Amino acid sequence: AQKVTQAQTEISVVEKEDVTLDCVYETRDTTYYLFWYKQPPSGELVFLIRRNSFDEQNEISGRYSWNFQKSTSSFNFTITASQVVDSAVYFCALLNTGNQFYFGTGTSLTVIP
Amino acid sequence: GAVVSQHPSRVICKSGTSVKIECRSLDFQATTMFWYRQFPKQSLMLMATSNEGSKATYEQGVEKDKFLINHASLTLSTLTVTSAHPEDSSFYICSARQGNEQYFGPGTRLTVT
Chain E
64 AQKVTQAQTE ISVVEKEDVT LDCVYETRDT TYYLFWYKQP PSGELVFLIR
114 RNSFDEQNEI SGRYSWNFQK STSSFNFTIT ASQVVDSAVY FCALLNTGNQ
164 FYFGTGTSLT VIP
Chain U
348 GAVVSQHPSR VICKSGTSVK IECRSLDFQA TTMFWYRQFP KQSLMLMATS
398 NEGSKATYEQ GVEKDKFLIN HASLTLSTLT VTSAHPEDSS FYICSARQGN
448 EQYFGPGTRL TVT
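These protein sequences, in sequence, are chains E and U. Numbers in this note's numbering are just positions in the first sequence, counted from 1, shifted up by 63. Numbers in this note's numbering are just positions in the second sequence, counted from 1, shifted up by 347.
Here chain U stands alone, though its shape is the one from the complex (with noise of 0.2 angstroms):
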């Protein structure tokens, strides 16, 4: 199957910091990504959908001032915490569209210190 790449793994910042996650779908283009953040022991709960060349879409909750989206390529997505408290860490999940199949990334784990 395809593969989508996220970048860091891991990544450790201290609070009021910004930091900066990648999604790339490394073998095909992907004109719709999704973004998901799991809490510990908590299902994946959707934050965004981005299309290539436009804005996001939040779902409801979401803040769009603090996770700004950016589709500038068919093959990356990029999400910005902006100003990261301790409640932000999480598992950053993305997923990638290619026709009626959605791959997913490996996951990034942010802890705010």
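Chain E with its partners taken away, still in its complex shape (with noise of 0.2 angstroms):
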């Protein structure tokens, strides 16, 4: 079975702070991709990064790094210096080798001026 958690629901910052969002994945193939995706309240599904299941490097775009851990099963994002723009709800999912998306529940992220 697959399943994706995302256990924190709603997250409040004070602009400037860093933030983490927490996933941490189920599955019992052995290639996958982990995805995080952005949802502004417009509603557009933004792409944020992709990771499979054989590449466990960290990476860093900008403000935001990814933390993949497959030992722990846990692909965890962290926005450094947050910003008002940052509100928004985050997604993290699951692709699997039958091509099917599992998503989080999402953290809904308000990042207060």
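Estimated spans, in silico, between C-beta atoms of each pair: (1) U/Thr378 / E/Arg113: 15 to 25 angstroms; (2) E/Val148 / U/Lys388: 16 to 26 angstroms; (3) E/Thr94 / U/Gln407: 19 to 29 angstroms; (4) E/Gly125 / U/Ser365: 38 to 48 angstroms; (5) E/Thr94 / U/Asp374: 19 to 29 angstroms.
Quick list of in silico lysine-lysine cross-link-like pairs, DSBU-like style, CA-CA up to 30 angstroms: (6) U/Lys388 / E/Lys66; (7) E/Lys101 / E/Lys66; (8) E/Lys101 / U/Lys388; (9) U/Lys402 / E/Lys66; (10) U/Lys388 / U/Lys411; (11) U/Lys388 / E/Lys79; (12) E/Lys66 / U/Lys411; (13) U/Lys413 / U/Lys367; (14) E/Lys133 / E/Lys101; (15) U/Lys367 / U/Lys388; (16) E/Lys133 / U/Lys388; (17) U/Lys411 / U/Lys361; (18) U/Lys402 / U/Lys361; (19) U/Lys361 / U/Lys413; (20) U/Lys361 / U/Lys388; (21) U/Lys413 / U/Lys388; (22) U/Lys367 / U/Lys411; (23) U/Lys413 / E/Lys66; (24) U/Lys367 / E/Lys101; (25) E/Lys66 / E/Lys133; (26) E/Lys101 / E/Lys79; (27) U/Lys367 / U/Lys402; (28) U/Lys413 / U/Lys402.
A partial selection of chain E residues facing chain U, derived with a Cβ cut-off under 10 angstroms: (29) Tyr96; (30) Ala156; (31) Leu158; (32) Asn162.
Hint data in this document are derived by calculation from the structure and do not stem from the laboratory. Computed from a prediction, not measured in an experiment: that's the story for all the values here. The C-beta atom is built at its ideal place from N, Cα and C for all residues, glycine as well.
Both chains are given apart, each in its own frame, so use the hints to dock them into the complex.
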């Protein structure tokens, strides 16, 4: 069975603080992909990152960084020096070998100016 | 990346009427498209997988006679919500697959009054 868990339903931080969004996944597939998407109030999903199961290298893109730990089945997302524009719902997702997406329940991030 | 469009972006219809939502891959051909539904403050749930030229595969609990899917060409899939009711009000998102990539449309917000 595939499952993605985002335990944090809502997070509020003050602008310029760092924030980490947690994601834990379950799958029996040996090959899979993990994603993070941002969903602003408009509703459109904004792709942030894709990571395949064989690549555990952490990645940094500007203020965003991702920590993939296969040993704990986690794929956490950190925003450094948060900004008001970062306020959105963030979804972690798993794409399995059958090409089906499994989305977490999302974390609603509010950055307070 | 590739672009997927949806039309309309918003639609309001009266209870009992039917409404059609289009999903188009603008710059690539997609043999497989997916339809998701997202209720307010909830995650995306896969409704059905649409394969060009064949019948759609529906997820458990999704009524195929109520949510008609047609994938008549490699660039267009349509979702028709028949005899819509207020509980069908939701955000409908499609995605299109190109190789190992999936691209999401901007979504259609359906309100049934």
